[in-house]
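Generate coordinates for the entire structure from the input sequences, incorporating the hints supplied.
Residue numbers (our numbering), protein chains in the order written: chain A, 1 to 158; chain B, 1 to 641.
Since the hints were made in silico from the structure, they are not lab data. Here the structure is a predicted model, which is why all the values come from computation and not from measurement. Heads up, some of the hints might be wrong.
If we take Cβ atoms under 7 Å as the criterion, some of the chain B residues that face chain A in the derived model are [said to hold, decoys possible]:
id : residue
1  : Asp-192
2  : Thr-193
3  : Leu-195
4  : Ser-215
5  : Met-216
6  : Asp-222
7  : Phe-223
8  : Asp-226
9  : Asp-294
10 : Ala-297
11 : Glu-299
Quick reminder that beta carbons are idealized off the backbone N, C-alpha and C, glycines included.
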Amino acid sequence: MIRKKILLMGDFHVGKTSLIRRYVDNSFDDSYLTTIGVKISKKQITLDGEAYELLIWDIEGATPQKRIPQSYFRGASGAIFVADVGREETIEHLAVHIEDFQSVNPDAAYVTAYNKADLLTPVQQKNFALESTDFLTSAKEDMNVEALFETLARRMLG
Amino acid sequence: MRASNLKNDTSELERLKHLLLEDELAQIEALASKLQTLEFESYDPETIKEKLLPLFDDLLLQKLQQKEARTLDILAEYLAQIITKSADQDLSSLSRSLQRVISPAIAKEIADNKDKMVDALYPIMGSMISKYVSNAIAEMMESINAKIEDGLSFERYKRKAKAKLTGVSESELLLEEAADAKIESLFVIQKDTGLLITEAHIEEKEIDDPHMVASMASAIKDFVNDWIEHNESPSEVQLLSYGNATLYIESAGSVYMIAFLDAEPDHEQRARINAFFATLIRNYSDFFQRFEGDDRAEEIQKIQEEMKHFLSGENPNLQGKDNDTARSNPAKYLFWLLALLILGYAGYSAKKRYDLYLLEQEISRKSGEHVTLEEEDDRLVIRGDLNSLEGLYRVKKLLQEKSGKKIEDRTHLPVELLDRKISTLVQKQTILTQSEDTISSKIQEMSQALEKMEKQLNQLEKRYSQSNQKLARVKSLADTRTYIYQRLENALGRDGSLQPDGSLDFSNKRLFEAGESKPKTEALPMVKAHFATYLSVLLGDPEIRPFVKGFVIEGYTDSSGDAEDNQILSLDRAKAIQEALLSEPATKQYGVASMITAKGLGESRPVIRNGKEDKEASRRIKLKFELNDKKIVDMIKRSAK
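Structure (structure tokens):
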């Protein structure tokens with residue numbers, strides 16, 4: 001089996017942990033996240049008949065009181081950046097998170113999740129401008145969660 | 001006799017009184033005795049204290065239990081004094097008393113909320129109390145450890161039993177156990193990704209989901225290393241231990257190895273682990289570097305075999321021995337490690353808080369301002385209500401001296417002070433507004449003056465331009481004339497006919513006899529030849545021709561005779577030459593017949609040589625050209641455009 005490290009990054013309360021809960025097979029208790037700023041989860045997937053295991057590092061957003069070690073970013077084959085569609089600033093901060101990640105992993109693949117899409121009306125969802133690597137997701141409604149991870153895996157492993 | 005009778009009577013009376021009033025007398029005696037006791041006690045303070053204090057104790061206890069406000073106030077007022085006095089007089093006794101009260105309280109607080117307790121202890125308690133608390137914590141921890149060791153450890157009972165069966169003392173067995181820690185698992189982890197490359201365990205010590213554990217251990221290691229680096233320590237984490245769990249981490253190149261042990265490894269055991277790890281690095285460094293998460297690589301199987309072999313060599317007595325012990329639980333290790341981290345952090349935070357507390361005290365002493373300090377990232381935040389703005393400056397100055405950090409001011413100043421400052425600012429703003437008006441007015445005046453000056457300047461520039469144009473015109477005309485002169489000079493040579501203004505003066509050619517208007521026959525060819533050359537230069541040159549307006553033949557006489565006659569004679573002479581020239585081929589060639597005019601100037605310009613008139617020379621004609629100045633100026637204007 002081939003294993004890969006991927007990161008999950010984004011501001012506080014954008015729903016990273018909810019996405020993880022919706023997707024993963026196994027994970028450490030959430031209390032580790034508040035202690036050392038990262039929580040490890042894993043997910044096994046099969047792509048084109050090949051089994052892979054993703055070790056997902058859910059990285060807590062940095063605050064003035066808490067540093068996040070840059071070494072957490074090292075060796076990641078891909079990343080998922082998460083923003084909350086209801087909070088403009090979390091979308092604006094995506095660029096900062098992507099820059100942080102790419103400064104350590106310039107060639108790694110990534111996708112973006114605009115989460116809590118269940119809060120948008122169908123018309124708003126339709127009009128939401130998205131690139132091919134962007135997804136409107138909802139952990140609550142299980143919307144595009146699988147597709148998000150699968151697209152990243154394909155970009156990363158393809 | 002009477003006396004004897006009286007005595008008997010009294011005795012009888014007493015007997016009778018005893019018989020009749022026996023009970024009453026007993027009561028009187030009891031009362032008298034009680035009275036005597038009361039009288040005695042009222043004069044003895046010690047006895048009164050002895051009697052009354054228990055009553056006060058009960059009363060005080062009752063009031064304290066009811067949390068009666070006044071009692072608490074009184075108690076608070078005198079408690080500090082009592083403690084201080086006791087500390088001076090009998091420190092050890094006070095220490096014991098306080099320890100009895102504080103130890104259980106601390107134990108409870110630590111159990112309930114460790115972080116808060118540690119944060120709170122340093123800044124609030126004084127050095128004396130802090131010492132007692134430290135002792136209390138140390139004793140408590142020793143007690144807890146001892147209880148755990150004695151009461152909960154199965155290993156302890158096993159050791160005791162073994163000591164009895166084998167006859168070897170428990171201490172010796174303990175030393176034997178301490179000699180080598182048991183290596184339960186070995187992980188080789190890729191440094192950057194935190195991915196587990198391979199692992200090996202002693203029998204029945206398999207770890208559930210080792211890949212998750214490896215990633216988590218990697219994250220913890222990164223976290224601790226980052227913390228160490230952030231605190232400017234050059235070292236890297238190598239040993240994480242808590243209780244009986246120890247993670248020995250050896251790092252090299254692209255991988256690191258974690259040994260999960262049941263105790264801290266000694267120097268020799270570390271050396272053996274390091275040597276084994278070095279062997280792996282030497283044999284598989286290429287593979288480690290190119291590892292991309294694929295666990296099917298054949299090297300992994302080989303490495304695993306080597307690791308198992310090393311484990312069995314390190315734990316020779318494990319066969320059947322480990323069945324008794326509990327199955328290894330990675331969460332237990334991680335929990336202990338995290339607990340260790342939390343405690344480390346708490347200690348570090350408490351130290352920082354205490355340093356800030358000392359700084360606050362120093363600021364208070366030196367500036368008279370009471371502020372609280374907090375560290376936020378790389379900044380130092382000041383909070384509190386200040387007495388004056390000057391106080392704030394003093395506080396900031398002190399902080400800049402004591403701490404190199406950036407300062408963020410979140411203090412509050414009194415409203416009255418702010419009012420005064422605002423009032424001053426309003427006054428300053430009014431003055432500024434007035435100054436601004438004055439300046440505006442001045443600027444307006446200056447603008448008008450400037451506008452006026454600009455107009456004058458424009459006019460001057462216009463005049464200057466006109467003057468320049470005139471100058472250019474004059475210069476151009478002069479240039480044109482100079483050019484013509486040079487061309488004529490080249491063509492005609494210097495025979496004395498050509499004049500500086502470009503005219504031909506035939507004074508040297510002896511053209512006319514006295515009183516005659518017809519030119520001498522021998523002189524006429526020379527005049528015609530000059531005329532032909534003159535025309536060829538002026539009209540044959542395309543640069544000059546456009547500007548030639550015409551030719552004038554001026555006739556002159558000498559000063560002999562009547563002036564009027566001379567006037568007529570001079571015109572006749574001019575006309576005679578004109579006639580002669582009109583028939584010349586050059587006149588026809590250039591079509592200039594209409595452009596040649598004759599003019600008589602009489603005796604107006606006689607030729608004077610050596611102080612007297614040369615009359616023969618005075619009888620002459622001059623041939624001149626006229627330029628069209630307007631055309632030249634137009635040409636200049638066109639060129640300028």
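Here is what the structure says about each hint:
With its C-beta approaching chain A no nearer than about 3 Å, Asp-192 (chain B) sits inside the 7 Å limit, and its interface hint holds. At a threshold of 7 Å, the smallest CB-CB gap from Thr-193 (chain B) to chain A is about 3 Å, leaving the interface hint in force. Interface hint at Leu-195 (chain B): satisfied, since its Cβ lies 5 Å from the closest Cβ of chain A, which is below the 7 Å cut-off. Nearest Cβ of chain A to the Cβ of Ser-215 (chain B): about 4 Å, under the 7 Å cut. The hint holds.
Because the smallest distance between the Cβ of Met-216 (chain B) and any Cβ of chain A comes to about 5 Å, under 7 Å, the interface hint for this residue holds. Given hint, Asp-222 (chain B) at the interface with chain A, holds; its Cβ is 4 Å from that chain's nearest Cβ, closer than 7 Å. Evaluation of the Phe-223 (chain B) hint against chain A yields a held restraint, the C-beta minimum of about 4 Å falling below 7 Å. The criterion of a C-beta within 7 Å of any C-beta in chain A is met by Asp-226 (chain B), whose closest approach is roughly 3 Å, and the hint holds.
Interface hint at Asp-294 (chain B): satisfied, since its Cβ lies 5 Å from the closest Cβ of chain A, which is below the 7 Å cut-off. The closest approach between the C-beta of Ala-297 (chain B) and any C-beta of chain A is roughly 10 Å, which is over the 7 Å cut-off, so the hint fails. The interface hint given for Glu-299 (chain B) is broken, as the beta carbon of that residue sits about 15 Å from the closest beta carbon of chain A, more than 7 Å.
Going down the numbered hints, you'll see the structure goes against 10, 11, while the others check out.
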